[in-house]
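**Student:** Since the structure of chain A is provided, determine the placement of chains B and C on it from the hints.
Protein sequences, first through last, are from chains A, B and C.
Letter by letter, the first sequence follows residues 1 to 118 in the working numbering.
Letter by letter, the second sequence follows residues 1 to 516 in the working numbering.
Letter by letter, the third sequence follows residues 1 to 110 in the working numbering.
Bear in mind the hints are in silico, worked out from the structure with no lab data behind them.
Small disclaimer: the values here were computed from a predicted structure and weren't measured.
Using N, Cα and C, we set each Cβ at its ideal position, and we do this for glycine too.
Each statement offered as a hint is correct.
Just the calculated beta-carbon pair ranges, DEER-fashion: (1) A/Leu109 / B/Met447: 44 to 50 Å; (2) A/Leu42 / C/Ser98: 42 to 48 Å; (3) A/Glu113 / B/Ser228: 46 to 52 Å.
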Amino acid sequence: MDILVFLLSYGGLLMLCLGMPKHYQAMLGQSSFPPNSFLARLILKIVGWLILGLSLVVAIATAGWSFGPVQWIGFLSIGGLTLIVVRSHAPRLALIFGVLSLVSVLLTLLIHEIQSHF
Amino acid sequence: MKESFSQSMDWLHTWAGLLFGWLLFAIFFTGTLTVFDQEITYWMQPELHHVAHTPLNVNAAMHTLEQLAPQAERWWIELPNERTPASTIRWSQDGTSVSRVIDSQTGQPLTLRNTHGGEFFYRFHYQLLLDEAGTWIVGAAAMAMLAVLVAGIVIHHRIFKDFFTFRPGASSHRAWLDAHNVTSVLALPFHFMITFTGLVIFWSIYMPAGIQVQYDGNMDDFWAEAESFIEPERTNHKAPLVSLRDLERQARRYWQGGQTRSIVVSHPGDSHALVHVYRRSDDRLSLYNDRVTFDGTSGALRTVWINSKPAYMTQSVLSGLHFVQFGSSTLRWLYFGMGLAASAMIATGLVLWVVKRQGRHTATNTVGYQLVEGFNVAAVAGLLVATATFFWANRLLPAELPAREFIELQMFFTVWSLCLGHALLKNFFRHCPSVRIWATQLAMAAMLFGLLPIVNAITTESHLLHALSQGRWEVAGFDLSFLVSGLGLAWTARRLDQSARASSRPLNPHPVTSGG
Amino acid sequence: MASTSGAQKVVSLFSRARRSKSSTTNWITVTSRVGAATCGGYALTYACTAWLSAVLPLAKSEAVLTASMISFVIYTAAILWAFAANTPMRAWLVLLISTGLLSGMTVLMT
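The shape of chain A in the complex, shown without the other chains (with noise of 0.2 Å):
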């Protein structure tokens, strides 16, 4: 479960990331919705953080209330070097493996919840 913390980490990081202008053009172009809007950068933002937030949920739930936290804080730090590597070297490499990321996260996280139902 270790390893859930650090994909979030790097997908709430690669959010933040892309709330800002400059990273958003080099990683996904002028397509899209505008990335000088506003409420894009604020909602890009805010779920950033949210995600950030939950890596700190699962950080707490794996490892504890005292290691967990500084897990994460290692992870953070782990995941915002890994993503700034990939960034600067393959953009659309760093946006892919974001998503992927996040979706092996969520489909981890479902199949979890589904178990301890059964």
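**Tutor:** Relative to the frame of chain A, chains B and C by itself:
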């Protein structure tokens, strides 16, 4: 006013960063390795690799101590844990301390090659092997680090705006600055935490003001009050020690499932002997763990000390955060990663000092500039070469060689000095551009690290494939890490070499003849 | 020769920040500021830790520990202040006067 404030912070960041940067890199890099100190010691004593994880027979350890050190002032018995199967006994006598790794069941000392192992990196990172003087030097460097970090936030005020920006393809100054900013900002909580907690651990050495005012400078009085830790004087009347195994069992009853880390006996064999049983702290953040003290001759319970005072608890949590004795191996790898980020931040900062002045020919032709270039290479790349040498020496020096642990250290420091000599000589006399020297030494480190798995395979029985097939990650992890470091360093060296070639082309004395 | 050029480099960097003219004054300024930061800062921190250990309304050992942990924050602030102050003289004066005041109060309390 505002302008001059950020200028003075810039000055502080630049010069304190440069002067302490070399030392700080060494402290942070060896500190990063210390995260895995027990694993390193285990790897450096391949004789231990056959030893199975078994619980320690405490009384057998006690009998060995009675035979080996009946006159000692103090005994330590350290129990094995998940990170190492080694049980260690230690004793101090007339100001020196000796330790032996013993068989957990029979208590007999094992014949292992002598090495300082991970302990070397541990000792070096907080006192540079210079005892208390070293502690003060490292403390000064840590204070400088705190000031430089704050000054750095003031001057690089764009760091949060440029949060995700790294442009490796940009101008060399820009790219190095990005790398410096990225490694600083992303691990900023870690940088502050590890520096601050490092100082807090040694508060009684660095800032004894409170002890002076409240306890007239007597540290023992402080411990007596804070930890209810009181040790009576020796009586010099002989008295036999009770069974330590029973005391250890008794102590565990107070901890609700907590395990024993170590047993300490003061004045063993004396009628005033005391037995302290310490709880392991790897299931909690706070480091200074709970203790149960017994009378050594009667076995009567003296003190059950459980850490509960708020300030004391805060200090133990801060120390615990620094020592990372807690948590899973994931957490240790995270610390390792952030430690590397901190080392990279310092290294890129040092490089930036040089790169920033590269264009100005008045600045670059001075001896001072060349000295900085040389010291930078040796402090960073040279330390990597020396570290790899240390591991090579461990595998190549015969296991029975007398004083081999000192030869390992000698080789480490000799190679490090040679790297400094190489960097300075090349720069002064051959006018070799520093990128070239960087590339050479990094390539050297890459080769040494990359070949370590082969050296290991030849000199020991636990080579990579063997360890992997048995699922022994604590051994295989080293070979794999060496391979990754080797590849990473080789890639860096190649890139530097390419950029050196690219920048030296216009100055090439033999122009390429066109049309061949 | 070589070392003077190194020295000039430091001085030129510094004079831009300080807008002073004579380079010898600048050397004195730099040394004075570094001295204020390290020695003056340590003196202030020491006095402040002693004073806090005496006045904090906690058990003795708790007060000492709290004060000692805070001391590293105080020292950092003092170092930064020594470099941020308008003149080194001012840095020294402020640091020494507050050191004196805190020491006086501590002596009166204990």
